[in-house]
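Residue strings, one per chain:
Protein chains: 2
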Amino acid sequence: MKIAILGAGVVGGGVFEVLNKNRGVIAKRAGCEIEVSHILCRRPRPEHPAADLLRYSFEDIINDPEVSVIAECMGGITPAYDYVKRSLLAGKSVVTSNKELVAEHGRELCDIAEKMNLSFMFEAAVAGGIPVLRPICRCLAANEISSVVGILNGTTNYILTEMIRHGKSFNDALSEAQAKGFAEADPTADVMGIDAGRKICILADLCFGKEVKPKDVRTLGIDKISKVDIELARELGYRIKLLGQAMRTGPNSVTAFVAPTLISRSNPLSSVDGVQNAVRIKGDAVGEVLLTGPGAGALPTASAVTADIIDAVRGGTYMGYWPSEPGYVTDPEELSCRFMIRAEAELSSLQAILPDATVVHSRSGDFALLTAYTSEKELRSRLSEISLISIYRVLD
Amino acid sequence: MKIAILGAGVVGGGVFEVLNKNRGVIAKRAGCEIEVSHILCRRPRPEHPAADLLRYSFEDIINDPEVSVIAECMGGITPAYDYVKRSLLAGKSVVTSNKELVAEHGRELCDIAEKMNLSFMFEAAVAGGIPVLRPICRCLAANEISSVVGILNGTTNYILTEMIRHGKSFNDALSEAQAKGFAEADPTADVMGIDAGRKICILADLCFGKEVKPKDVRTLGIDKISKVDIELARELGYRIKLLGQAMRTGPNSVTAFVAPTLISRSNPLSSVDGVQNAVRIKGDAVGEVLLTGPGAGALPTASAVTADIIDAVRGGTYMGYWPSEPGYVTDPEELSCRFMIRAEAELSSLQAILPDATVVHSRSGDFALLTAYTSEKELRSRLSEISLISIYRVLD
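Protein sequence lines correspond, in order, to chains A and B. The first sequence lines up with residues 337 to 732 when you count with this note's numbering. The second sequence lines up with residues 337 to 732 when you count with this note's numbering.
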C-alpha cells in the first residue's frame with residue numbers, strides 16, 4: 337500500500353520516522369506493508385534520509401494512481417485545504433494533523449469523504465498523541481455527552497506551569513519556552529488561545545454532533561495573568577490553567593470558549609503540568625473520563641497520524657458528520673459558575689455588591705473575591721461601576 | 337437491527353437502560369435503530385420493565401435468525417463460554433463484558449470471529465467505562481508498546497483509599513465496602529488480585545500481541561497490607577495501590593503480575609482514588625498516556641458494552657489476534673526495581689546486607705528499608721536468613 341506525506345517538517349518527519357522504525361508491527365496491524373512513495377516539501381533537502389522520495393509539486397502526487405492514502409502534515413489553510421479536498425475528490429483517503437483545517441473546513445471535508453466512501457481522520461489534530469477523538473466517537477458512542485474540557489495547548493501549559501511553580505512572570509516564562517523550542521517565534525496563536533479554540537471546536541463537533549466554528553468560540557489568552565492572580569488563586573486552593581470548554585446549554589444549543597480558569601488542586605486536571613495535555617469528557621452513562629498525555633512533539637503527533645494511516649489502510653471510515661445550524665452556538669456569558677475577581681476598589685464597596693463572596697488576601701496586601709454561582713453577564717452588570725483588574729471562571 | 341442481551345443483572349440491566357435512554361443518539365451513531373428482542377435470564381422477573389423480552393432458554397435466542405448481535409453480560413465461564421462460541425459459530429457477532437471469559441478463551445474466540453468475519457469485542461472487560469482497548473489497538477497502533485500498568489479493580493482501590501485516607505484496617509474497610517455494595521459477599525477474586533490478573537492478561541494480549549493467560553500471572557492480594565506498611569510508605573513519599581503490570585522483558589518475552597505496589601505521590605496514578613480505575617501505557621512514539629475514569633458500575637460498564645454493540649452493528653471487527661507461544665511469559669522475579677521491605681531483624685543487620693537502602697521509621701518505632709534497584713530473586717537470596725514481614729515493589 338503506497339502513501340504520500342505532505343510536509344517534511346516536524347510532524348511529517350516524525351510520521352516518516354515512525355513508519356520506518358515500527359515497520360514490522362505496523363504491517364501486522366494494518367494487514368499489509370505501508371510504503372511511503374512521495375514526500376511533498378517546499379524546498380530541496382539534500383540531507384533528508386529519503387531524498388529520492390522528495391517532491392516539490394503536489395501534482396506529482398495526486399496524479400499517481402498508486403497512492404491511496406495521503407497524510408497532510410503541513411498545517412495552515414493554504415494550500416492544505418486545496419490539497420486535501422482535491423485528494424478526497426480524486427478518491428484518496430486523507431489523514432491530517434491540521435487543527436486549523438479541521439476546525440474551519442472539517443464539516444465539508446467529512447461530507448466529501450462520506451460521499452466518496454473514503455477515510456478522513458484527524459486524531460492528531462487534538463491533544464497530539466493522546467487517544468481522544470476515537471474514544472469520543474467510538475468508545476463513548478452510547479453516551480449523551482454533556483461537556484468536554486481540556487488543557488489543549490502545551491505551550492501555554494508550559495508557561496503557566498513555570499509561572500505557578502517557579503514564580504516566573506509571563507514574559508520570562510515565554511522567553512524560556514521559546515529558547516527551549518516549546519513556543520514559536522510568533523507565539524500569538526498559542527498564547528492568545530486561538531490554537532486551543534480550534535481544538536475545542538473539533539471536540540465540540542464530535543461530542544455534540546453539530547458544527548462549532550472558530551469564529552463562534554470566545555478565546556482569552558494567558559498574557560494578562562499576573563503573579564498576584566496566581567498567588568491569590570493558590571491561597572484559595574486553585575491553580576490557573578488555560579482551558580478549552582464546550583458544553584450543552586439546552587436541548588439544541590451548546591457553548592464553547594477558551595479562557596484561563598481556576599481549577600481546584602483536588603481536581604486531577606490541575607496537576608497536568610508542562611507540555612502535557614488532558615481532556616475530560618462527561619457522559620450520561622460513563623460519568624467522567626480523563627485522558628492525559630503528550631499534547632505535542634514530533635513523535636507523539638506522528639503516533640496519532642500513523643494510527644490514522646493504519647486505519648485508513650484497513651478501510652476505516654470518517655470520524656463523524658456534523659451539520660451546521662444557525663443559532664446553535666450560544667454565548668458563554670449566560671453560563672452559571674463561580675468567578676475569582678480582582679478590582680480597583682475598596683474591599684467594603686465590593687462586599688456590599690457581592691455579599692456572598694469569599695475574600696482572600698495575598699501577602700503583599702492584594703485581595704480577590706471568590707463569588708457565589710452567577711453568570712458573567714450578571715456579574716459584569718453588578719460590577720458595572722467598578723474597574724476590574726482580572727476575572728476568572730472557576731471550573732466545577 | 338435486532339440484538340439479544342444475555343443476563344438481566346447489573347450489567348445487562350444497564351445495557352438495556354442505556355439502549356433505551358439514548359435511543360436517538362445511538363441510532364444516529366449506529367446508522368440504524370437498535371432493538372433488543374431478547375433478554376436471557378435465569379429466573380422469572382415479573383418486575384422487569386420489559387418482561388415480554390425475557391427468555392429462559394438460550395436456544396430461543398440462538399435459533400432466532402433475526403438476531404445479529406449478542407451482548408453477553410452474564411460473567412463467569414459456564415455457560416458464557418459455550419453460549420458465546422455457539423453464537424459466533426452461528427454467524428452472530430458478540431460483545432462481552434466478561435473479563436474471565438476473555439482472559440481464558442479470548443484467543444480462541446477472536447480466532448473464530450476472524451474466520452467467520454464477525455465482530456467480537458470486549459471494551460467493558462477492562463477498566464469498565466474507560467476507553468482503553470480501542471485506544472490501545474487503534475490509536476496507539478503505530479507504537480511498540482513497552483509497558484502497561486493499571487489500577488484495574490475498583491473494590492481493592494476503594495478499600496486501599498479508605499485505609500490510606502482514614503487509617504482504617506483492611507477488615508474494617510472491606511466490611512464498609514461490602515455494606516456500600518462496592519465489594520461482593522465473597523470478595524476473594526477482587527481482594528486476592530485475581531480479577532486484576534484477568535484484566536492485565538487482556539491488556540498484555542492486546543499491547544504485545546501474544547497470549548498471556550491467567551495461570552501465567554503471579555497475583556498478590558491486598559489482605560496482608562497493614563497500617564504500618566501504609567504509614568511507612570507515606571513517610572517515604574509513596575502510596576500503596578494494587579497494580580496490574582505487564583511489560584516486555586526481551587525481544588520475544590513479556591512478564592505480567594499483580595501486586596500491591598508503592599507509587600510516588602508525584603505520579604498521577606497515586607491520586608486515582610476510590611472506585612476509579614486508571615491505565616498507563618508507554619509506547620515508543622507516543623511516550624506515556626494515562627486513561628482514568630469509572631472502572632465499574634452498571635452504567636459505566638453499559639457505556640462500554642453499548643459502544644461495542646454500536647460498532648458491531650456498523651460492521652466493526654474483532655479487536656486483534658494473539659497467538660500462543662510457549663516460554664513467552666517470564667517470571668517477574670528477574671525484573672529490576674526498588675523495593676520497600678520490613679523484616680523481623682535488627683536494623684543494623686539489615687543495613688549490613690543492604691548498605692545502599694534508605695531507612696525510614698514510623699512514629700511507633702517500626703522501620704522499613706527502601707532498597708536500591710535489584711531483582712526480587714537477588715533480594716530474596718540476600719535476605720534468605722531474615723524473616724520478612726512485608727515486601728513491596730516500587731513503581732518507576
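The hints are simulated quantities; they were obtained by calculation from the structure and are not laboratory data. Wrong hints could be hidden among the right ones.
Since the list gives no way to pick out one identical chain from another, each pair is judged satisfied if it fits inside one copy or across any two copies.
Stated by the list, open to error - Straight-line Cα separation of at most 25 Å, DSS-like style, residue types lysine-lysine; simulated pairs:
no., residue 1, residue 2
1, 560, 421
2, 364, 563
3, 549, 451
4, 618, 364
5, 563, 451
6, 364, 551
7, 357, 551
8, 549, 504
9, 560, 357
10, 563, 357
11, 364, 451
12, 551, 504
13, 364, 546
14, 618, 338
For each hint given before, does the structure comply? Return the numbers of the non-compliant ones in rising order. 1, 2, 5, 6, 7, 8, 9, 10, 12, 14
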